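In order, the protein sequences belong to chains A and B. Going by the numbering used here, the final residue of the first sequence carries number 415, and the count climbs one at a time with no gaps. Going by the numbering used here, the final residue of the second sequence carries number 443, and the count climbs one at a time with no gaps.
Check the hints yourself; a few may be wrong.
To be verified - Heads up, simulated DSBU-like pairs for lysine-lysine below, C-alpha to C-alpha not over 35 Å straight-line:
1) B/Lys53 - B/Lys207
2) B/Lys379 - A/Lys24
3) B/Lys63 - A/Lys151
4) B/Lys35 - A/Lys151
5) A/Lys220 - B/Lys63
6) B/Lys376 - A/Lys336
7) A/Lys151 - B/Lys207
8) A/Lys299 - A/Lys386
9) B/Lys416 - B/Lys198
10) B/Lys310 - A/Lys30
11) A/Lys386 - A/Lys51
12) B/Lys207 - A/Lys29
13) A/Lys24 - B/Lys103
14) B/Lys310 - A/Lys29
15) B/Lys328 - A/Lys198
16) A/Lys151 - B/Lys103
17) B/Lys328 - A/Lys29
18) B/Lys368 - A/Lys132
19) A/Lys30 - B/Lys198
20) B/Lys416 - A/Lys30
Stated by the list, open to error - In silico negatives: residues of chain B with every beta carbon more than 10 Å from chain A:
21) Lys72
22) Arg78
23) Ser191
Hint data in this document are derived by calculation from the structure and do not stem from the laboratory. Everything numeric in this text was worked out from a predicted model, so none of it was measured. The C-beta atom is built at its ideal place from N, Cα and C for all residues, glycine as well.
Letter by letter, the chains look like this.
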Amino acid sequence: MPFLRKKIYACAGYNTISLGTGRKEFHPKKPRPGIEHYIKEAGLGSIEQIKNPENIDEGVIGNFIADRFCKQGNLGGFFPYVHPVFQYKPCIHVEGACDSGGLALVTSVKNILSELADVVLCIGVEIQNTVKALYGADYLAAAGWYSGERKNGHAYFFPDQFSQRAGAYMEKFGEVKTREGMAQWYVNAIENARKNPKAQEYHNTIQDLFAAGMTKPNPKAFCEFLNVYDCSKVSDGASALIFASEEGLKKIGIDKKDVVEVVAFAQVQDNITTPPPDSTKLTTCEIAAKKVYERAGIKPKDLSVLEVHDCFTIAGIMAVEAAGFAGYGEGADFVKEGKTKSTGIIPTNATGGLIGYGHPTGATGVRQAVDVVHQLLNRASDYQVKIEPNRPFGMISSMGGNDITVVTMIFRKTE
Amino acid sequence: MNLDERLRDVSVIGAAGKMGSGIAVLIGQEMMRLKFESPDRIYRLNLIDVSEKGLDGLRDYIKAQFVRFAEKSIVSLRTTYKDCPDLVENAEIVDAYVNDAMKLLNFGTDPFLSTNSHLVFEAIVENEKIKVKTYKLLKKLVSKEALFLTNTSSIPIGYLDEKSGLDGRLIGYHFYNPPVVQKLVEVIGSSQTKEELKNVASELGKKLRKILVPANDISGFIGNGHFMRDGLFALDEVMRLKGKFKLPGAISIMNRVSQDFLLRPMGIFQLIDYVGVDVFQCILRVMRTHLGDTTLKHKLIDKMMKNGVKGGQYPDGSQKDGFLKYDKNRPVGIYDLRKGEYVPIDDDWKKKMDKNLGPLPEGFVPWKALLGDSKKEDKLKNHFSSLKKMNSMGAELALSYLKKTKEIAENLVKQKVATSADDVNAVLTNGFYWLYGPINEYI
Numbered sequence: 001m002p003f004l005r006k007k008i009y010a011c012a013g014y015n016t017i018s019l020g021t022g023r024k025e026f027h028p029k030k031p032r033p034g035i036e037h038y039i040k041e042a043g044l045g046s047i048e049q050i051k052n053p054e055n056i057d058e059g060v061i062g063n064f065i066a067d068r069f070c071k072q073g074n075l076g077g078f079f080p081y082v083h084p085v086f087q088y089k090p091c092i093h094v095e096g097a098c099d100s101g102g103l104a105l106v107t108s109v110k111n112i113l114s115e116l117a118d119v120v121l122c123i124g125v126e127i128q129n130t131v132k133a134l135y136g137a138d139y140l141a142a143a144g145w146y147s148g149e150r151k152n153g154h155a156y157f158f159p160d161q162f163s164q165r166a167g168a169y170m171e172k173f174g175e176v177k178t179r180e181g182m183a184q185w186y187v188n189a190i191e192n193a194r195k196n197p198k199a200q201e202y203h204n205t206i207q208d209l210f211a212a213g214m215t216k217p218n219p220k221a222f223c224e225f226l227n228v229y230d231c232s233k234v235s236d237g238a239s240a241l242i243f244a245s246e247e248g249l250k251k252i253g254i255d256k257k258d259v260v261e262v263v264a265f266a267q268v269q270d271n272i273t274t275p276p277p278d279s280t281k282l283t284t285c286e287i288a289a290k291k292v293y294e295r296a297g298i299k300p301k302d303l304s305v306l307e308v309h310d311c312f313t314i315a316g317i318m319a320v321e322a323a324g325f326a327g328y329g330e331g332a333d334f335v336k337e338g339k340t341k342s343t344g345i346i347p348t349n350a351t352g353g354l355i356g357y358g359h360p361t362g363a364t365g366v367r368q369a370v371d372v373v374h375q376l377l378n379r380a381s382d383y384q385v386k387i388e389p390n391r392p393f394g395m396i397s398s399m400g401g402n403d404i405t406v407v408t409m410i411f412r413k414t415e
Numbered sequence: 001m002n003l004d005e006r007l008r009d010v011s012v013i014g015a016a017g018k019m020g021s022g023i024a025v026l027i028g029q030e031m032m033r034l035k036f037e038s039p040d041r042i043y044r045l046n047l048i049d050v051s052e053k054g055l056d057g058l059r060d061y062i063k064a065q066f067v068r069f070a071e072k073s074i075v076s077l078r079t080t081y082k083d084c085p086d087l088v089e090n091a092e093i094v095d096a097y098v099n100d101a102m103k104l105l106n107f108g109t110d111p112f113l114s115t116n117s118h119l120v121f122e123a124i125v126e127n128e129k130i131k132v133k134t135y136k137l138l139k140k141l142v143s144k145e146a147l148f149l150t151n152t153s154s155i156p157i158g159y160l161d162e163k164s165g166l167d168g169r170l171i172g173y174h175f176y177n178p179p180v181v182q183k184l185v186e187v188i189g190s191s192q193t194k195e196e197l198k199n200v201a202s203e204l205g206k207k208l209r210k211i212l213v214p215a216n217d218i219s220g221f222i223g224n225g226h227f228m229r230d231g232l233f234a235l236d237e238v239m240r241l242k243g244k245f246k247l248p249g250a251i252s253i254m255n256r257v258s259q260d261f262l263l264r265p266m267g268i269f270q271l272i273d274y275v276g277v278d279v280f281q282c283i284l285r286v287m288r289t290h291l292g293d294t295t296l297k298h299k300l301i302d303k304m305m306k307n308g309v310k311g312g313q314y315p316d317g318s319q320k321d322g323f324l325k326y327d328k329n330r331p332v333g334i335y336d337l338r339k340g341e342y343v344p345i346d347d348d349w350k351k352k353m354d355k356n357l358g359p360l361p362e363g364f365v366p367w368k369a370l371l372g373d374s375k376k377e378d379k380l381k382n383h384f385s386s387l388k389k390m391n392s393m394g395a396e397l398a399l400s401y402l403k404k405t406k407e408i409a410e411n412l413v414k415q416k417v418a419t420s421a422d423d424v425n426a427v428l429t430n431g432f433y434w435l436y437g438p439i440n441e442y443i
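This is chain A alone, in the form it adopts within the complex (with noise of 0.2 Å):
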């Protein structure tokens, strides 16, 4: 028996732009555009790819914390404001962290298999450029445990909490392979960004990646172990994707050419008032990857395309030896070989990543699904990666807080 217990299909996906420094466009004093117009934005990107937007049952929103950076609560009361269709319909607003976008899916899966709706709108939001990035530390410091870490955590909570997991990790597999691994993550990062005009490197100009990349940290203003480039930046941007049913399909006009099969998902959560059981591996990641291919019925090598969540460039080796792609400890060198490129065995976050696009964090989730949308229909444009007939899967690993909430989900190609 499928573990869904229905076939559910999502389809057109929208991503806005990730806005923030490094665009051309931003300027930290010019006035910009409020979280209800990326909300809209999204929305609107959505809907205007199907015939039927009223047709729509329910919104999902996932947002990490528009509470502190905007002031804003009560997201669900966006999505009327999205389109008039939507007035009087159920939204729900899920958070998870970094991972919020990632709970916006499988809420809008599971709303599906409840069978009160058979098409949701899901959307990821998050606007951040509101503050200076030390101000914006504290917000996401929320991610991890307020009363009993933060007061001797770091300034730049976050980046030290990879950064410790970077230090743990050189200590046990290496320091020189680790450190050019992590430069590599962000060479391709950028690379493939320079190629999607929406990702906030777009216009990076940097000759030198991985000179850049192999930056020496200054423990002194920043992190021990995690130079700038390591690190994804503040972003404000959204993501929407389209759920729907066989039925939910048909109400709004999609052919079943446009769209992918939602194959499983995997949701799983780990203890915030815990450490990690293990600084140099993430073991929810894994644990998450290890479920989701079980419940799709597939190896990672039946993969064609991969989107992880690195926040950091050293989450992106760890995540990729979570998704089963190299072995433990054997990431960094994986990464240095190319492999995850766009031309290697898998190619991995393909649109720049969280690095390379941006981290508009409770948009992340989201995004990182529009994007294995599109390449599994073979419409990411300059950025398409090649799709083997054998292997007409491709999956998200998202992940909120230190490797505390996680969800992965495996998308195929209808035929």
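Model the placement of chain B on the given structure of chain A, informed by the hints.
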């Protein structure tokens, strides 16, 4: 009394001015560092100015600077405040730092506030009489142990010391604008200056992480000694060129030549506006008086002042109009003295000027791009050797300016204003952000 003890009570006179406010921020930050080491000690920074309104602005400026400093230092400040359980988020720690730092400050118009100070910074108007009057008053208020540091950029220290009766308790400590950012401090001891004060000045420079360059006690010292004559040369060139290009055209030409052809951070007339036409005139007067050099004046400067066109900055730091008109600190017009109005720098104007000057050397890289370039030296060499091969008015004017500026700098060494060519070059590169010292092999 060592420097740390002196830093327990410090006064800044003229604190609301451009320089005084920057000095106040630097000393306030240093006091906070000491306060963290000895939390039970009382530290006081007395910020004194004649203008109540200025003091209000000063409070805002200092607070904003403390916020910036705390934000920049947040990684270490979290450790500093680790024993305060209520301070958890970065924002709370930044607020705590700013509140603690503001508590050290006394603001007021009454010089009496300085009574307990053992270190007094003076950054009031560049006027001998007012400075002497102020020192005479302060001398009566503070203890005999107190040491004075003046930010004068042109008045001889020995003169001020003697007229004020400070008996060697005065040293020149010339910060560059803005003191919070600029690394350079010109240090000028007079023949009377006490050894103890020289040591305090040197130790303080290290604490503030400044580059200290010694200058001899000759009016204008190195910085203005060079800048005034450099500016006068440009003004003379303008007078020479105005017959052919009219006054705004000539100003535009010399501004462009000094900025782009000579690769300086801004054109000479933009720099004069930045410093203030009024300040430029005032410094010329001081130098003329003390050096007895009647050539240190210019009728164009005097005419500008007569027309009330003074340059300088608004309290928010934005540029006032002077030789050039500014929009968001960018030059958009050039003053026409005859008409008393500005000629817009539009595309037509730029084309006309470019046509007059001729092209920039091939492979031209602007000042900003060269600043952090590891191959800066080679690129500068190429730039100037290309200029020499070019047969254009721009190249000709630039080379003659380069030659003049070198001559001015060499004279400063000859006249013993500076001890060495390196010192002159250090002032121009660190205080004026030139990419190269005026004493160079390019010409």
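Verification of the hints:
1. B/Lys53 - B/Lys207: holds, 31 Å
2. B/Lys379 - A/Lys24: holds, 28 Å
3. B/Lys63 - A/Lys151: It holds: about 25 Å lies between the C-alpha atoms, which stays within 35 Å.
4. B/Lys35 - A/Lys151: holds, 23 Å
5. A/Lys220 - B/Lys63: holds, 23 Å
6. B/Lys376 - A/Lys336: Within the cut-off at roughly 33 Å; holds.
7. A/Lys151 - B/Lys207: Holds: A/Lys151 and B/Lys207 sit about 30 Å apart, inside 35 Å.
8. A/Lys299 - A/Lys386: Holds: A/Lys299 and A/Lys386 sit about 18 Å apart, inside 35 Å.
9. B/Lys416 - B/Lys198: holds, 19 Å
10. B/Lys310 - A/Lys30: holds, 31 Å
11. A/Lys386 - A/Lys51: holds, 29 Å
12. B/Lys207 - A/Lys29: holds, 33 Å
13. A/Lys24 - B/Lys103: Distance of about 42 Å is beyond 35 Å: violated.
14. B/Lys310 - A/Lys29: holds, 30 Å
15. B/Lys328 - A/Lys198: Holds: B/Lys328 and A/Lys198 sit about 30 Å apart, inside 35 Å.
16. A/Lys151 - B/Lys103: Holds - the C-alpha atoms of B/Lys103 and A/Lys151 are around 25 Å apart, at most 35 Å.
17. B/Lys328 - A/Lys29: holds, 14 Å
18. B/Lys368 - A/Lys132: holds, 25 Å
19. A/Lys30 - B/Lys198: violated, 47 Å
20. B/Lys416 - A/Lys30: Roughly 51 Å between the alpha carbons, so the hint for B/Lys416 and A/Lys30 is violated.
21. Lys72: It is violated; B/Lys72 is separated from chain A by about 8 Å at its closest Cβ, not greater than 10 Å.
22. Arg78: For B/Arg78, whose nearest Cβ neighbour in chain A is about 5 Å away, the distance does not exceed 10 Å, so it is violated.
23. Ser191: Correct as stated: the minimum Cβ-Cβ distance to chain A is 43 Å, above 10 Å.
Against the hints set out earlier in the document, violations occur for numbers 13, 19, 20, 21, 22.
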